[in-house]
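The lines below spell out each chain.
Number of protein chains: 2
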Amino acid sequence: MNAEQVTGSTYLPKAMRIGVLGFGGLGQAAARVLAPKREMILVAAADKQGYAYAAEGLNAQQCIANYQSHGSVGYLEPFGTLTHRSIEDLLEKSHPVDGYFLALPNLPNNFIPSVARQFIKSGWRGVLVDAIKRTSAVEQLLEMKEELQAAGITYMTGCGATPGLLTAAAALAAQSYAEIHQVEITFGVGIANWEAYRATIREDIAHMQGFTVESARTMTDEEVEALLDKTNGVLKLENMEHADDVMLELAGIVGRDRVTVGGIVDTRNPKKPISTNVKITGRTFEGKISTHTFTLGDETSMAANVCGPAFGYLKAGIGLYQRGIYGLFTAAEIMPQFVK
Amino acid sequence: MNAEQVTGSTYLPKAMRIGVLGFGGLGQAAARVLAPKREMILVAAADKQGYAYAAEGLNAQQCIANYQSHGSVGYLEPFGTLTHRSIEDLLEKSHPVDGYFLALPNLPNNFIPSVARQFIKSGWRGVLVDAIKRTSAVEQLLEMKEELQAAGITYMTGCGATPGLLTAAAALAAQSYAEIHQVEITFGVGIANWEAYRATIREDIAHMQGFTVESARTMTDEEVEALLDKTNGVLKLENMEHADDVMLELAGIVGRDRVTVGGIVDTRNPKKPISTNVKITGRTFEGKISTHTFTLGDETSMAANVCGPAFGYLKAGIGLYQRGIYGLFTAAEIMPQFVK
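Residue numbers (my numbering), protein chains in the order written: chain U, 9 to 348; chain B, 9 to 348.
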């Protein structure tokens, strides 16, 4: 960080002021990830029914407690505000925030792009990061590249696990090869209780045969339960529409048709049904065909593999922003920076 | 690339003009890696006895043939020049070169830093990339950071396989964790004939007990042969002084004492004795201890895993340079860009 403030007799770098939009499973995990950090502080959090802001930092546990017991961080005293226009109202206050993590379920599929548009309209300048999944959603953001640049916003898209960490691993692994033949992402997710990640599970269901984003979004909890009962709580996902493909194509690594994403989600067991991995197959300059493999440790949760990278990319984005570099970037182009 | 030239009726991006300094095993492999690329052309190559330059591009096979039959690329007609001051003479000519890969053995241990100093003195501006190995060598370059910045040079250090590709994989994998406990790099190298990589093998021997950089450098080929005879051609290396440690420390990921590098080199068999991998162990925000693993395909050679990343970082460095960003960067901070 270039920005510094005098603290006692020594100069300490000023912590990056972070906002988290969306306070479901992912947003709550994000707040917990931030809590022990010295380089970043959570100053703002918002959900459908309200928001909370504190210049000196919000207490993650208090935010989570208020959300879980009352349904909104807006109930947090004395920092909360109840409103059904939480993002607009938060932005109107012009509180100083360096970067926001859009921990929002992208339902409908243009929701996150519409939030990005709200940021542009508000005149806010800074860094946005998302952990969006679908190719068609990233494509909507790609169309906003010039607008974001003109607005002085550095937007990091596809910065969760897949797309995100695993896409970046593929981009890195590709360096050994003269030509890439195949990128194959397979994820395993185990959660004890699907209700902790209602929106994420609905986004997964939307990828299954016979479902659409809209039909999955409007399912009642009972309908989701009934579906999960049929499969013993396990969702098998193949040939998913995941933005890893467009991100790797955009980075000049491989055509999108050579990138596949699939996985198994067990909604009744925290143990992963399979190890999450990405395999990158290509041809070396000597003509050898080979495969690099990046495998995530089974004990790492979806939340750890999404929120950690998201903040690493947010920190990298703040570095770009400070150099006056605005626009749209993906996880395949930028190295995330470790947040202490 | 921003620089464009008119070709017929369409605008094609201008290829990046690349020089390769050092034309032993690594330099020759680098020339072969570049040969099929459209985004980069090899315009300069230099060795101890001479250099070759061609604005329209050198033929890799012809450079290799002249080096192998006569001992120097300087014999290449009509582009070669014979000189024992090849780097100085090449720089004095002020040929336009966007970036150089320093494919030089770092023997003695201050050799590559001394070459960087020559570049600074010459007034040349552009991008340099190395695949240097030792911590102490990277530390010498770190001391030159401001000088490089003032000179308008973007220097990418530690951008081979280890340090380089594997260090970057560790930096990426670290994102899932709140705290990193251990980074363990283990490499396997198989080469059919040690004489194809004389300098690299001497650098490896210098890491063994009872040897120093100086004593390994001055070994005759017969002495190397005799040593390899004793071990059936296999070198076992542990706790090597590899700059992965300082690079990960500098990136704020983990203290250098938590990073270990070791490996097995078989000098009589192209098959790798073990799969090269990096294991990153840490604690997630939920308190779980886990390990991510990145494993290179056994069919990928040392040359592919060093030269590919080096040019990927060189391309990324040229992007930084074009934005006016100079100084010293490591493989742990920047995402390499795939070169087509």
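Incorrect hints may have been included.
All copies of an identical chain are treated as equivalent in the list; a pair is satisfied when it fits inside any one copy or across any two copies.
To be verified - Once the Cα atoms are required to be at most 20 Å apart in a straight line, the calculated EDC-like pairs of lysine to aspartate or glutamate come out as:
no., residue 1, residue 2
1, K287, D306
2, K296, E155
3, K348, E147
4, K129, E294
5, K348, E187
6, K244, E151
7, K56, E147
8, K279, E294
9, K45, E257
10, K45, E96
11, K101, E222
12, K129, E222
None of these hints come from the bench; they were simulated from the model.
Status of the hints after comparison with the structure:
no.	hint	verdict
1	K287 / D306	both (17 Å within a copy, 13 Å between copies)
2	K296 / E155	neither (44 Å within a copy, 41 Å between copies)
3	K348 / E147	neither (32 Å within a copy, 23 Å between copies)
4	K129 / E294	neither (52 Å within a copy, 37 Å between copies)
5	K348 / E187	between (36 Å within a copy, 8 Å between copies)
6	K244 / E151	neither (32 Å within a copy, 53 Å between copies)
7	K56 / E147	neither (25 Å within a copy, 51 Å between copies)
8	K279 / E294	between (41 Å within a copy, 14 Å between copies)
9	K45 / E257	between (34 Å within a copy, 17 Å between copies)
10	K45 / E96	neither (28 Å within a copy, 49 Å between copies)
11	K101 / E222	neither (33 Å within a copy, 65 Å between copies)
12	K129 / E222	neither (27 Å within a copy, 64 Å between copies)
Hints 2, 3, 4, 6, 7, 10, 11, 12 from the list above are not met by this structure, while the remaining hints are.
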